[in-house]
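Asks: Protein sequence lines, in the order shown, are assigned to chains B and V.
Taking the working numbering, the leading residue of the first sequence gets 1, the next gets one more, and so forth.
Taking the working numbering, the leading residue of the second sequence gets 1001, the next gets one more, and so forth.
Hints were generated in silico from the structure; no laboratory data involved.
There could be a bad hint or two in this list.
For the chain V half of the interface with chain B, some residues (derived, Cβ under 7 Å), not all of them [unchecked claim]:
hint: 1; residue: P1215
hint: 2; residue: P1219
hint: 3; residue: G1324
From chain V, some residues computed to sit far from chain B (all C-beta separations above 10 Å) [to be verified]:
hint: 4; residue: D1090
hint: 5; residue: A1108
hint: 6; residue: P1223
hint: 7; residue: L1231
hint: 8; residue: A1247
hint: 9; residue: G1390
hint: 10; residue: K1402
hint: 11; residue: L1414
Computed list of chain B residues with no C-beta within reach of chain V, every gap over 10 Å [as the list claims (entries may be wrong)]:
hint: 12; residue: Y36
hint: 13; residue: W92
hint: 14; residue: R97
Note that this is a predicted model, so its numbers are computed, not measured.
Ideal Cβ placement from N, Cα and C applies to all residues, glycine included.
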Amino acid sequence: MKLVTAIVRPERVDAVSTALEELGVNGLTVSPASGYGRQRGHVEVYRGAEYTSALLPKVRVEVLVNEDVLDGVMDAIMTAARTGSFGDGKIWTFEVRDAVRVRTGERGASAIA
Amino acid sequence: MNMAVLAVAMEVDPQVLDPGATAWMLAASALVLLMTPGLAFFYGGLVRMKSVLNIMMMSFGAMGVVGVVWALWGYGMAFGPDSLNGLVGDPFANFGLSGLTGTIGTKAAGLPDMVFIGFQATFAIITVALISGAVAERVRFGPWLLFAALWVTLVYAPIAHWVWGGGIFGADGIIGSKISALDFAGGTVVHMNAGIAGLMLAVVLGKRLGFMKDPNIRPHNLPFVMLGAGLLWFGWFGFNAGSELAADATAALAWTNTLLATSAALLGWLLIERLRDGHATSLGAASGAVAGLVAVTPACGFVDPIGAIAIGVVAGAVCALAVGLKFKIGLDDSLDVVAVHFVGGLWGTLSLGFFALPSAKTEGGLFYGGGMAQFWPQLLTALIITLWSGLMTTLIAFIIHKTMGMRVSEADELNGIDVTEHAETAYELLMVGGSFHPGDPHGKADADAVPAESQSEGGRSRGKVST
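Same shape as in the complex, but just chain B (with noise of 0.2 Å):
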């Protein structure tokens, strides 16, 4: 079982929990993040005087898979997120020990099914 963590563009989201879900996948988490990377941050002018912003709004997407489907989703991510500029995110994953479905106490890889 797999953490999947990406961090995409705003304006990407969409696009990605279609792809996610047309490969099946039945759950996902997003929040709100901000960052840098290689596109760095950008200047804003208010009355004249500018202000450098160092990070950049992004959104976090998590998921959690088992192993079978943990390429699929990392390429459908990776397309779906894609604008072949600096700023378009990264992907990474985690092991994961186990998880438990809270409403029904399933464990395991059924409790992400």
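Got chain B; can you put chain V on it based on the hints?
Replies: Here is chain V on its own, set in the frame of chain B:
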């Protein structure tokens, strides 16, 4: 009484009620009062998220304190009979507005005195509220209310008396009998006055922690700023056209000039921004509009529409250039009260030296055949008011600051003045909590009572309610 007799009676007797003027002035007064909540939104959007309630409360606080002070002694000091050789009106002549409840036409022909009193109260309120922008995000609320009461008493009321109340700048006053300056709706009394007061208050109180260092000190809600600018513009029609104190052709001219100068100033500010910074900004549009409103305030009833457009476009450009000066001298005039209200008010006051139409009150400005004759009275009046307001404001602020302390502690300023001064926050941004369910004091939902499908959306109530 037939209509002809009525018309003659209204012309000769100012104490006969003029229903048209009275109706318009009642509405105009409400328009001007709306400017202060409008200003609260304008300023509220310009501060950080943690200070928005406090800066809005500084405006609302002014509405509370100045309204009451105005009725008790402020009106008498501004518009009552001369005392101290015209330096100020008599605060006791009509204390609590006694003797004025049913009178008509004492100050303006055909108007109940209560309309004039109410109209002028709204001017005093917004002038105090304007000052707050210079010291945003760092002033204790209680001392601010005390400052408001003292400032309207010792600074606003005397200056209003000089210019509008028949004091030293009046026709019989020690200065007014020699030179005659023009100020239709308050370029000096309201805007230069508030601008210099804001500057001196900012000098006394010092800058915010992180000023010119912390990139997070920037406007948190530009739609609020646009909303506030829109409300200010709307209310300003009452402010300027209402200052004619009648429903007549001059009021109409003032109304249209208030539109035109503001339109031109908006464009002037955006043009400077586009050339200097590369973008026309929404904050620039809102700020330009306010700069134009400020500048046309003294001029609106005395210039023609082309004059108003010229005054506006210069105001927008000059104020856009003036906003950067505070960074050069390290003065934290937080929301640019000096650059917009003092500079815009000064330009508007001086502009009458160039653009005033010839009338019974003036030979006209430089471009209208009057030479420089009107310019020098404008400049002298502006200087005297700047000096009085600057000195008295410094004195009041210094005394309050040294005795009570006007600033919040460093810790409170960093934590956010909304929480520490008012025990409130403006926004609920963390989408957590809301776990309360009826009938379950421990926060665990009763599975039998609440179906599983309906548990996903909790209420937004936060924390515990203590009584």
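Asks: Each hint should be assessed against the structure and marked as holding or not.
Replies: Hint check:
Interface restraint check for P1215 of chain V: the shortest CB-CB distance to chain B comes to about 5 Å, inside 7 Å, so the restraint holds. For P1219 of chain V, the suggested interface contact is upheld, since its CB lies about 6 Å from the closest CB of chain B, less than 7 Å. With a least beta-carbon distance of about 5 Å to chain B, the hint placing G1324 of chain V at the interface is held under the 7 Å criterion. Remark: the non-interface label on D1090 of chain V is consistent with the geometry, its nearest Cβ contact in chain B lying 43 Å away (cut-off 10 Å).
Under the 10 Å C-beta cut-off, the non-interface status given to A1108 of chain V relative to chain B holds; the minimum distance is some 39 Å. P1223 of chain V, annotated as away from the interface, keeps every beta carbon of chain B farther than 10 Å; the closest lies near 14 Å. Residue placement check: L1231 of chain V keeps its beta carbon more than 10 Å from all beta carbons of chain B (closest about 20 Å). Against the 10 Å criterion, A1247 of chain V stays outside the reach of chain B, whose nearest CB is about 38 Å from its own CB.
Residue-level check passed: G1390 of chain V sits 24 Å from the nearest beta carbon of chain B, beyond 10 Å. Remark: the non-interface label on K1402 of chain V is consistent with the geometry, its nearest Cβ contact in chain B lying 32 Å away (cut-off 10 Å). Consistency note on L1414 of chain V: stated as away from chain B, and its beta-carbon is indeed over 10 Å from all of that chain's, at 19 Å minimum. Look at Y36 of chain B: its CB is around 14 Å from the nearest CB on chain V, clear of 10 Å, so calling it non-interface holds up.
Taking the minimum C-beta to C-beta distance to chain V, about 25 Å, the non-interface status of W92 of chain B holds against the 10 Å cut. Every CB of chain V is more than 10 Å from the CB of R97 of chain B (nearest about 26 Å), matching its label as outside the interface.
In this structure, none of the earlier numbered hints is contradicted; all agree with it.
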